[in-house]
Every structure is written in structure tokens, then in C-alpha cells.
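Trainee: Please take these sequences and the hints and turn them into a complete structure.
Protein chains in written order, with the numbering used here: chain A, 1 to 350; chain B, 1 to 350; chain C, 1 to 350; chain D, 1 to 350.
Accuracy of the hints is not assured; some may be wrong.
[Said to hold, decoys possible] Partial pick of chain A residues on the chain B-facing surface, computed with a CB cut under 7 angstroms:
(1) A199
(2) E203
(3) V210
(4) T236
(5) P241
(6) G245
(7) L247
(8) A285
(9) R289
(10) V302
(11) V306
(12) R309
(13) I311
If you're looking for bench data, these hints aren't it; they were derived computationally from the structure.
A virtual CB, placed ideally from N, CA and C, is assigned to each residue, including glycine.
4 protein chains.
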Amino acid sequence: MALGDNRIRVGILGASGYTGAELIRILARHPAADIRLLSAERSAGKRVEEVFPHLSGLDLPRMIHIDDADWSTLDMVFCALPHGTTQQVIAGLPAHLKVVDLSADFRLHDLAAYETWYGHAHQAPELQRDAVYGLTEIKRDAIRGARLCANPGCYPTASQLPLIPLLEAGLISPEDIVIDAKSGVSGAGRAAKESSLFAEVAEGIHAYGVASHRHAPEIEQGLSEAAGRAVWVSFTPHLVPMNRGILATTYVRLADGESAAELRRVLAERYAEEPFIQVLPLGSAPATRHVRGSNHCLIGVVADRVPGRAILISAIDNLVKGASGQAVQNMNLMAGLAETLGLEQPALFP
Amino acid sequence: MALGDNRIRVGILGASGYTGAELIRILARHPAADIRLLSAERSAGKRVEEVFPHLSGLDLPRMIHIDDADWSTLDMVFCALPHGTTQQVIAGLPAHLKVVDLSADFRLHDLAAYETWYGHAHQAPELQRDAVYGLTEIKRDAIRGARLCANPGCYPTASQLPLIPLLEAGLISPEDIVIDAKSGVSGAGRAAKESSLFAEVAEGIHAYGVASHRHAPEIEQGLSEAAGRAVWVSFTPHLVPMNRGILATTYVRLADGESAAELRRVLAERYAEEPFIQVLPLGSAPATRHVRGSNHCLIGVVADRVPGRAILISAIDNLVKGASGQAVQNMNLMAGLAETLGLEQPALFP
Amino acid sequence: MALGDNRIRVGILGASGYTGAELIRILARHPAADIRLLSAERSAGKRVEEVFPHLSGLDLPRMIHIDDADWSTLDMVFCALPHGTTQQVIAGLPAHLKVVDLSADFRLHDLAAYETWYGHAHQAPELQRDAVYGLTEIKRDAIRGARLCANPGCYPTASQLPLIPLLEAGLISPEDIVIDAKSGVSGAGRAAKESSLFAEVAEGIHAYGVASHRHAPEIEQGLSEAAGRAVWVSFTPHLVPMNRGILATTYVRLADGESAAELRRVLAERYAEEPFIQVLPLGSAPATRHVRGSNHCLIGVVADRVPGRAILISAIDNLVKGASGQAVQNMNLMAGLAETLGLEQPALFP
Amino acid sequence: MALGDNRIRVGILGASGYTGAELIRILARHPAADIRLLSAERSAGKRVEEVFPHLSGLDLPRMIHIDDADWSTLDMVFCALPHGTTQQVIAGLPAHLKVVDLSADFRLHDLAAYETWYGHAHQAPELQRDAVYGLTEIKRDAIRGARLCANPGCYPTASQLPLIPLLEAGLISPEDIVIDAKSGVSGAGRAAKESSLFAEVAEGIHAYGVASHRHAPEIEQGLSEAAGRAVWVSFTPHLVPMNRGILATTYVRLADGESAAELRRVLAERYAEEPFIQVLPLGSAPATRHVRGSNHCLIGVVADRVPGRAILISAIDNLVKGASGQAVQNMNLMAGLAETLGLEQPALFP
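Mentor: What follows is the structure, given as C-alpha cells:
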């Protein structure tokens, strides 16, 4: 990969969706990256500002069809393609290209689980074996050496960051973990669906995918690894009338003799040097609006009134730390760059 | 109380807040009620349409100061006053007046619990003993004969309706119940507070009052009565950028040998004749937008992926079934009227 | 048409859209109407609550395909079908049926104008000649005797109500009228379009159809008739992140010697007996949230700082007075009922 | 002022409001500025993250009371104080300090007009004479040499940018200009007012300050200067349920023989080299969501259907180009820096 004087030459596949737009937004101002290729099926031939007027005025290539890509001009590819098609595309990429994949295709190590949740056999099982799960603060060393990074889902990012250190330390029970999660509507993507219409979403809230959301096995994979045993979670996502943000409210039972204060202490210690994770004072609860547009994850720990229980609350921007921001964070690692490069922008509030 | 030919003569104390407005909206079109008195401290002297332009064109009395009320002209009073001041006002009302109180002042039977949660001794303990808790579908018979009805809080209404029949029937464990609740902003009232500003609420979600919200003891009082033993719940409210609505997502452990289907069956049977409660098909999740402006409570039951667990989801309009609608439902009972009178309006969507 | 003891038997064609749902909401509680038929192409066979969960619990017929309609069972039909297909459907209805059409198909008297704006020749020109334009407060007498009522568009309703009396009275210039209008997103219908997605609409505002919106000729037709000469308007609609509501801010030049106060006086006098129109005190500006869910139109008149100019502001709910509410108001007239029947519900705020 | 190696040492007075927060957000990442002082009356003593959690993790001074400021440590001060108090504060600042004032105090050259609109005599008339109006693209040269820059209001920025070049070129009539403007709620500031509550603003739109808004004389001052004669405008602001953004829809009459295309051409030419102004293709209308968080102004020009008329539409973020972003742009000029420094971030969408 070209470093030193030269900037990393990146391509974005699936640039016409919201995560694609967010990759452009971040990478266009990244001091060590150079966007050389943007692909989009239906928008091939268009300029970026025709698809995303908020990105006008940047010096960017036209969108092309993926079949017209010249991979030799790139060092790194971000895949923001739909689940399912991604694995075939990535399997066909030349070996010199490093890949950060934002789809779910390479997140589940267990190919049988993939088949169960996604309804078809995996098309690139050999790549799956090499893929590194890109939850940066947990998998940093492996990501550095990865060729293919499976960028985590938005719910799994918000859910695992507070839980993994606590399960590893044995501070909480791996039983009866309840994750009640809330997401902004951009998480549903830019596809024209009745369920994503303004009038169907505004002025209301509802749960969806109850006990059946595909992010559940991804969360459980990470928690099981941390706990050293199989972990099942009650996971319920909700749709909130806001563009961006994920809030995960997680209810846990303390291990014998532990306290919420100890949970908070261990999390604060574990993440003390992390530029993008902030553990709030004990009893404080974060808000998604305070990470809007930023790559931060805020974590709060509260002692429950019910003895022996605690509540963990984590907030991220689903399109940034939950998708494109973490993808760039992983690119930085894979390219040997400072991890925060291009991601230092504070949140936008109000 | 005047019945027969005559309509019930009602007064609304604290008519300038959102629950007051909602009482006016409902009662102004109620075929057996006649609004005779509206009190509001700072808005005394104003016409209703000056305070609430959406209520113009109705033939209503001017707002007056509560000290100027002539109680002899009324049969029934709705108290929508702030917590704390309510008990003194009600203690001073003549005995012929029936009262539906929308504050929290008479909801907790245990005066010590009241003192703990509200920070001062109760000012009308003798009234507290007579007060009937107004969760209509659960306390209907007692409400019929009540002189003072303590109308439930919005969160307690949404939380208790699905849980009480299940605890009574012993279908779920009274341990480790987690209630993750989400509310629209009107629940915070019309007071000018920074935390209720549009720019502080829109485009975000956060938890508040975590493990410390005053509705927790009210919920636990009802659940304990149903379970026949002390029940503690993990209860976390969240603020959602919408005007109206409460969604309570409740995580329960099944009693041995029980199933989500059985939970759903028992709830459907229990509420089969209830005009305002609808139990959805197994696996369906309700949305708050489908009860906007109506007195309905929608309840969904979903089997969790974690064996032995289920998820209950309930949706109400916090200002209607969670406050003023249920108050009118209780008035109907107390006055010997059909319970649905004035409350038949379908929800407003979108 | 069956009157007297019997309720009017109504059918709603195109019941699965937002105006269809709103017709059901209003008519299901209408004391003199009985919904006998609901048609919907793709939702044929479904129960109403499957398509619109907020309308569950009402005793309504299943949705059917329009081809399966038995017209002999109906007295009145509401057409909430897409523009273009409507004219053929209505042309095929038996003569005993009265029709309120919510599409644009019969609003323009000038068939050439129709062809210009809608891009094809009119398919039922003979019906067009008989159609009565349903701006109730302006055309009341003609509507009473109509067989086919062309219900006005939402923008034209909000725009014409303040302007027509002033043009008729010669109080304002017919030149240089500027109508800057703002609409909620439900006006775009329930079709799944990228431009109506929550994430494309929330947190922003934009103009659309600038100088090319099809409601412009409809507005001009009414204003020209009122002025007795051709009137052209500058009309710009905007999309606002809210579900419901239209606000029209109209800038006019006063006729010589006239004043805003006189404009206000004439409007107040003209609409003094109108149950659904309220002229605010001089200088007051209405808000759409104060007519949410109601059939009201609020009108404000403000003297501009620029000498000789005034500003008119009108607010309606686009789905009620701007569509289904006015349609029921017209049905009431056509059926010889009290005009306000079924429409007395106050607005829902907040 | 310290340049060269040293960064500009800046202070922000009134740092606890929304424009203060936005100044911190931009300046904290500005490569040539160093935030040395933050003042806030009620929040004195607090850390920035206590007042604005979205700004945590930045290395910033604690907020202090303005009386405790050591002006000798600063080169430049941003004043984000309330109107009225500002002029006394600025009058008391030492001469070496350059000032960008975000209040309205120094925007009106005509002291009599100030007194009329603000209800009291100006307290620092001598400073008023030296103040340079900070509409950057129009007053760039004067701003470079200014000691005190009166940063424009949000509405005046959006309104004047399209109009001034057209009036200067004589392409439009200075008569009968209508500016219909729409603003997000952050423009009302962070003060706890009932009118800014979520439940009072969401799901609705209304006009306010009709024919009486204080930004009208500021707009007219700029337009009159451009036209070389007195210009009065019809200016109506509206409150839109969104956090950020101003859209100004402006209706103009063309000078004889002119066309919308010519207007567009002249604007495009005038702003061709401007990094923050983009003139869209003829007929295109901009959206505020495409400038959210950025310093850009998008301008659209549309030919009206009414002969001889055109419609101009401009979009900015009220807190950025309409306040803090333009303030930093002006600071850059006053400090001899590249004008775009710190302001290159693309907009955040969705």
C-alpha cells in the first residue's frame, strides 16, 4: 500500500446510500486518503452532487458502474453494498486491495449461523475465515494486519462496547442480559420503503424485528467470546423519529459482590486511552444528540434500584461509529496511520 | 350528582397545562358532561382560545383563579394541578364533589413511600385512605363507588396493563422484570424548561430518571398487589422526539412450563370485552402512532429467542389513556355512565 | 338518496391512502353515514386494521377490488383514487350515485388547461361540465344540488379562502399576488418515494414544484372568477418536516385607500356564520398545529410595513379541510344534512 | 495581532448559548486559532462538557465570568452576548482586541433606526461608526481592515446574498420585494421559553414577527445601499420544526427586458470564485438540509409563471453561515488568514 508521501487511494463501492455518503463526507477531508473511485449501480454516470447535494463543491470522481472499475488504481476499498451481493464482489477483488466491508457478509464466523440468519449458503467461505471483525477498540491488533475487515453493525457496536470488558472481567452475569436499543431512521437505508416514509415514522415509536433481528447473532458472537461461554441476549430494536443515532439501554445482573461503581471503574480504566470512547460519571446517561456526526461512543453506568442489577447506556451515531466512521478508523489502522485521522470533528448539536 | 336529564357539571383545575387542554378537548364533546369551571393560576381571566388556540370556537367559561371557584355549581372536579399542591386543594373541597385527580398525590397507598419519593409528609393522609387507584380495567368496581379517584401516571398505565393479569395468573416470574419505557415530550408538561426545548429534544433520544423515576413505586405497588408479594422492577424512561405516546417494552421470565402464546392467550381473554384494550396477534408489536389521540392501549406479546423469556410491548397516548382520557373513563364510571362516552374517537394518523 | 331514518350508505374508493384513511376516521363516527364499501387495489381482501392499525376496533367492511363493487348498495361514493384513473372510474358509475371526488380530475373547468397541466386529454369531458367545485364556503348552493363534486386541492383551499372575498370586494389588486405555501409530508401521499423518506425530509425545508405546481391553475381559476378577470399568482409550495398542515402566507397589494383592517373586517363579516372558518384578530398569525385533525381554517390579516401592502395567513389541516374533511362537509350538503355533522371534533394539540 | 508561528488567541463571550457552542465547535478544530477564554454568566466555573456534552474531549478552558477575563491574553474576541448588553461590553474592551460581534448591536448604521427598533438609545455610538458590517462576500475588503465586525443576522445573510448583486446590477425592481423566510428553532436561542418547547413547535409551522421582525431594517439597509435608493421589503419569518436552517424564498419583479436566466447568470458570475456560495442551475431549488453544519449558502433562481417575475431561493445553516461560521470567516479575514480556514467541513446529511 502506498504510504509515505502518497495518500491512500480509496474506492467506495455503493456510494449512493447513506453509509456511502458518510464515507465520502469523512474521506473527502481525510488528510491521508484520496477518493479515486465511487461506484453506484443506478446512479452510474452521475456526479456526486446530483445524488448528494450536500457533498457539492468537493473534487470527486463521477460515480461509475462497478464493472467499469480499474482496481489497479486503488489501494483500499470500502464496500457499502447490500448484504448478500457483497461476498461475491469481494471475492472477485485483486489480492493487493485491502477491504473494509460495511455489510453483514463477513461478520459471523460461524458459516452455519450465517446460513440460518441470512437464508442462503455463504458464497465466499474461504474469505470469511480470514476476515477480521472490525470492532476497533476490541480487535485493534488483528485489524492492523487484516486484509479484509468486517465492519460491525450499528447495534452490535453500541451493544458490545460496554458489555465485552465487563464479561471478560466476570463482573456481570452472562445470563438474562437485556438490550433495549433505539435507532434513527437512516439505519434503514435510502431505499424507498413505505415503512421509512416520514409520515409513517414521525410522531411515534415502535419496536421491530423483535426477537428476530439479524444483529442479535453478531452481538452474541462477541459476547460469547468475551464470556468464554455461549451468551444469549434479549435484543429489541426500536425505530425513533430522528435521522441519526443509536441508544442501547442494557440491563445486567451483577456478579456476586460487584457494584455498578466497580463496573464503571473497570470500563473507565479499559477505555481510558481510547480517543473515541468516553465513560461518563457514575449515574449519568448519555444522549445520541451529543455524538451526532462524530465517531464517539458515550457510555453511562447506573446502579439499578433492584439490588444486584445495573443499567448500561451507550450512545453512538449509527452512520459514524456505527458504520462509516469506524470503517475509516479501521482503514487508518490497516494503513498504519494515526487512528484518529479524519475523525476528529466534534459532534453537531443542536 | 345530577344525572338523568341533567348533564354532569364539571370543573377542571389547572386547565392551562397539556392534560388540562386534553380534558377540555374530550369533555367539550362529551354528551353527558358540561364544563362549568376552568381554573388556571397565571392565566386567570383569559379565554380558553387565548391559552389554547386549538380549542377556539367552543362555548366555554373563562379561566378563573381557583380561589374564585363556586363549588356549589359543580358535581365533579378534575384536578390537573402540580404534585404537592393538589392534596391541599382536594382536602378543601366540599364533600358533595367527586374528584378525579391527575396528579401523583393520591396514587401511593403507603404514606411512608410517598414521603420517601416526594420528599415531604403527605398533607391529607385521611383522604389517601379513601382514594381509589384509577387504573380502570383493573379497579373498575372500586372506581364506580369512589369519591376520590387517583388517576394513574402515564408510565404506570402502560406498564401495568400487560403485567398485572400475568402476575395474577402466575404466568411470569415476579423477579427481574425490566420495563424499558419511551415517552413523548408532552409528558414533561408545558413549563418552560431548557430540557424540553425543541432544539434539546429533536433529533436524539436519551434516558432520564434512570433508577430514580417517581413512577417506579407506583408501578411496583400495582405489580406487588397482583403478585401477592413485593415486586421490584428495573424501570428506565426515555425521552423521544415526538409530542405524544408511551411505549413500554417489558422483558419477563416465564413461569415453568409457560409460553409466550399462553401469555398472549390469557391477556386476550382477560381484555376480550374491554373497549379500550386490544391484544395484538402473537408476535406483533404496536406503535404509539396508532393510538395518537385515542384512549386505546395496544398490547403485543412476543416469544423471546432466549428460552423461557417473553417480551411484552404496550402503547398508549400519554395524554389520553395515560392521563385525561382515562380520567374521563373514570368519571363515566363514577357517574354511572357508559364507560366509553366521549372517548370513541379513533386515533389520528398520520 | 336514502335519508330520514336511514343513514347514507357510502363507499370509499382508494381507501388505502392517507385521504382514504382520513375519510374512514371521520365517517366511521359520522351519525348519518354508514361505510358500506372500501376499495383498494393492492390491499383488496385485507381488513382495515391490517392497512391502518389506528383504525382497528371499528366495524367496517373488508377492502375489496373496485371491480367487485356492488354499486346498488350505495348512495354516495368518495373517490380518493390517483389523478387520471379517476375520470374513467367515475364515468362508469351508475347515475343514482352521488360522488365526491378528491382527485384533481374535475377541478379545472377549462379542458384545455387540464390537458396542458396533466399531459393528456380529459377522458370524461361531459362529466367535467356538470362537476361542481367543492370549496364549500364559496360554492355552497351549487354543491347542494351537485351530483359530482370536485373536492378542492389542499393548497387551493388554504389559498382561496382568504383571497376570494377580497377580490370579489375589490379590496386588493389582482396583480402581483404572491402565495408562499408550506405543507406537511402526508400531502405527498403514502407511495414509497425516496423524496418522502423520513431521512430525506426531517431536519430541513425546501421548495418544490416552483412555478410549476398543478395547484396553481386551480387557484387561479377561483381567483379569476372572483376578480372578474384573469389572475395569475406566484405560487411556491414548500415541504415541511411535519405530518399534517398547510400554511399559506399570501402577500397582496391593497386597492387604493384600503387598509389591512378593512380586509380583516370584510373577511370576518363574510365568514361570521361559518362554523369552520375563523378570522383572527388583526395582526394575529395562525399556526397549523391549531387545526391538526380538525376541519377548521384559521385566517390572519396583518398590515405590512410596506405601505399599501398586507399579508394574509391561512392554516388548515391538509388531510381534513384540505381533503377528507371538506369532502364530508360537501357530502353533508349534498345529502341535505347539517353541514357540521361528523366534523365537530376539536383539533389535537400538542 | 500575533500571527506567523503563533495561533490567534481567541475568547468567546457568551459561550453557553447555541452560537457560542457553534463557535467552540468550529474554533476548536481551527488550525490557526487557540481558544483561550470562554465566558458565561450563569455557567461560570463549569467545564464546557457540563454545558455542552457534545463538546467533551476537547482541551478547553473552563467557563468564567466576564468580569474575570484577562484581556491581555487575547488577540480576538467573539461576542455572542444578548442584544443590548453587548454594546457596553465591547465599549469596555481594550483597543488591541479585534472583535467579531454576533449580536445585532452594531449592525444598523443609522442610530435612529437602532433606537426605533430596539427601544433605547445606542450606548456606544462612536463604536457604531467604526463597525464594519460582516456580510463577507459583500464587504470583504472593509472587513479585512476592521477592528469591530458586526456579524450579520441569519435572515439578513440568507436574504441579502441573492438580492444585492441583482439590485446593484439593476436587474430587478427595488419595489415589491417579498421575502418569505423559514427558520429552524435554534435561531430562538437556548433560553427556556414556552414558545420554543418541543411540544409547541413540533408538527406545525407558523409565521411570527410578521411585519415587525428586527431583521427587516438590517435587510433593508443592505438592499438600499445596493440599489442606491431606499428599499422596503415585505419580510415574514416562519418557525419550522427543525433544529437548523434558514430558507429564504424571495419574489422579485424583473427590470424591463430581463429574465430569470440573466439573474442566474449574473449571480453565478458574481459568486464564481466564492468558496461558500453556490448558485444552482436555473430552475433548481436548494434545501436547508444540504447545508446543515456547513458554512455554505446555496442559491436557486427560478423563472416565475407570471411574466416579468422571478423567484430566488437561498439556503443556509442559521448557526453557521448565519452566525458562527460567518464569524470565523470574518475572523480569518481580519487576521490575514485564508478565508476558508476551519470551515471546510462538508454538510451533515441526513
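Trainee: Hint by hint, which ones does this structure get wrong, listed from lowest number up?
Mentor: none
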